Amino acid sequence: MAEVPHRNRLLAAVLLAAGILAAPAAHAADPIKLGVLEDQSGDFALATIGKVHGIQLAAKEINASGGIAGRPIQLVIYDTQSDNTRYQQFMRRVLQRDKVDVVFAGFSSASREAYRPIVDQLNGLAFYNNQYEGGVCDSHVIVTGAVPEQQFSTLIPWMMQKFGKNVYTIAADYNFGQISAEWVRNIVKQQGGHMVGEEFIPLGVSQFSQTIQNIQKAHPDILMTLLVGTAQASYYGQAHAAGLQVPMGSSVNVGQGYEHKRFPPPTLANMYVTTNYIEEVDTPASKAFLGRWHAMFPHEPYVNQEAENSYAALYLYKQMVERAHGSTKRDDLRAVIAKGDVCLDAPEGRMCIDPKSQHTSHTIYLAKVNADHSISFPKVWPDIKPYWLGDNGCDLTKSDPHTQYTPSSPPPKG
Amino acid sequence: MASLLNLLYQCGDSFAFLVLSALGLAVIFGMMGVINLAHGEFIMCGAMVTVSVARLGLPLPVAIACGALVAGVIGIVLERLVIRHLYGRPLDSIVATWGISLIATQGTLILVGSSLPGVGTPFTSVSLGGNSYPVYRLLLIAVAVALLGALYLLFNVTRYGTVARATIALPHMAEALGVDTGRVYSLTFGLGAALAGLTGGLYAPTMTIVPTMGGTFLMEAFATVVIGGTDVFIGTAPAAAVLGVVKALATSWEGQLIGQVALLVAVIAMVRVLPRGVSGWLLQERG
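Chains A and B, in that order, are what the protein sequence lines are. Residue numbers for the first sequence, in my numbering: 1 to 414. Residue numbers for the second sequence, in my numbering: 1001 to 1287.
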């Protein structure tokens, strides 16, 4: 087009003027928008509805005391329905249409790996508030959940010393279960033990007769159960009915699916779990947290570790934004993280974000399920760091590979 | 010897799961031609009612009967309200029952919550040759066989069975002879739903009770019915037997994943060879 006709030019000028007048002045009281993508229905809902409540509780508390740097938090919540494609769809929606400042998203590792490329591509910032198999080295993601070096390198040596050296693993057959099983294998070998069996179970399988017989045949001293989802949780009742009484270790049970509350005792007796929080944690900070929680959600069946992670994550975010003088830009927040002292006295105890991996240090509780399904804590490890990524060459302050590493495919050397 | 016993138990266990998963679906599909995608939700309903009643302190068999009854009554109501209007429109009935299934799953999540506490498996286990076998699961195998027998008697000996078979074969002739076909359809759909509820009740003590639990039965149920064809007795039972053996052998050979793969491969192969299912093939042979 060579020349804009006169009348249209006038119209354009009017539109432009209107645009300038209507443009939102970056006002101090504009809300900070927080996208929440969690499964409120489907197979994972049981473990994740509490995460949404944790975020709502933290947002309410923070808004009541003046917001983040004077700005209120506005939650944009979508139900991802335990469906990976929903994560992709809603991740695009919150980043492109709702234009949120930060997203809290994801339970299963499959869902996280489904949405992570979208966060990278659209230059967003996501908090993954879930324990997982570790290894994500990506500046767009901050992980507040526990990782294998925090859960397994505490749990497995302790159990091997107490029960013996023969270990059997049953694990959910997807990235979480496969990589976690690899961790178990490596730690067992380091400690001089033997793997006497390993089986991967497809998600959604609920019948375990053959698996139980295989375990009985192998006579393990320790059984690592890395089962995920409500269908696979049927294993415990069936194993108990078959008279299988091997001490069990896990990084996901109790702390996520509160199986000890759902199954009649003594189905889960003799299970040992390392977790960074469960509602039985008996400290003043935990009791006060639970009190506030039940005041807002009186019918909450259980407050699990991911619920506490989600709650704490919002306070960590608040601290980062306020120390960045109210900026929600990713680079400004990462400059704050790079100082290495983004720490919080959370309900579990002290947690700090590690600048190299953007993962979080935790207090790790060894929870034992007793015969009556009460919980005792034979051991507590304070301040366990997420060291694996940093020790193996992931340093987000220097480079940003957007990659998930595993023990068998670690970061490239040099 | 011990491993043979093991294998036998595993085959029986798979067979029981396949038969019990499929029976309700097979009755509704075989007798009425309706593909009921809400089958899993009737199972879930039976399981939820069973654990709720059992936790009130009633004995487990009574609780399981309540589960079957409630699922059956809901089935009859749904037949009157929805399914009735969709006879002869199989695709529409698929969409309608799928919608019912979505509403039921989400409605249960909202009304009941994300899970109900279980009741625990009754009885202990018996040890034989170094392996232990849970008594309850042995019982499930017996119940599956007994249920097949009872259904056979119901359809071949009782008056309802005769009238139902007449209605299915020639509905207009049956009507002309004074049969209330509407009532027969209602009862048959209710029977299918009650069988699904019974399955839910029977497996409730061995599973986690959540709104999505019906889904874990669906694949096995549909595989069995697809292989079996339209006749419950000469279709569902042999199909479950074949698939049970395939699944148990593959699972004991290489684990759960290969067990599932083998099941689906067997389904594909059999559908290719016997497009009308086992019962279609047998009926053809008989002439």
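Everything labelled a hint here was simulated from the structure, so no lab data went into it. Remember, predicted model here, so these are calculated numbers, not experimental data. Each residue gets a CB set at the ideal place from its N, CA and C atoms; glycine is no exception. Check the hints yourself; a few may be wrong.
[Stated by the list, open to error] Below, a sample of chain B positions facing chain A; criterion: calculated Cβ distance under 8 Å:
| hint | residue |
| --- | --- |
| 1 | S1052 |
| 2 | P1061 |
| 3 | V1062 |
| 4 | S1114 |
| 5 | V1119 |
| 6 | Q1284 |
Should the interface hint for Q1284(B) be scored as holding, given a Cβ-Cβ cut-off of 8 Å against chain A? violated, 33 Å
Proposed interface contact between S1052(B) and chain A, which counts if any beta carbon pair is under 8 Å: Violated - the Cβ of S1052(B) stays beyond 8 Å from chain A, reaching only about 14 Å at its closest.
For the restraint on V1062(B), tell me whether the closest CB of chain A is nearer than 8 Å. It is violated, given that the least Cβ distance between V1062(B) and chain A is near 18 Å, above 8 Å.
Would the hint on P1061(B) be counted as holding, given a Cβ-Cβ threshold of 8 Å to chain A? violated, 17 Å
Under 8 Å is the threshold here; is the Cβ of V1119(B) close enough to any Cβ of chain A for the hint to stand? holds, 6 Å
Satisfaction of the S1114(B) interface hint, Cβ to chain A closer than 8 Å: holds, 4 Å
Hints 1, 2, 3, 6, counting from the list given before, are not met by this structure.
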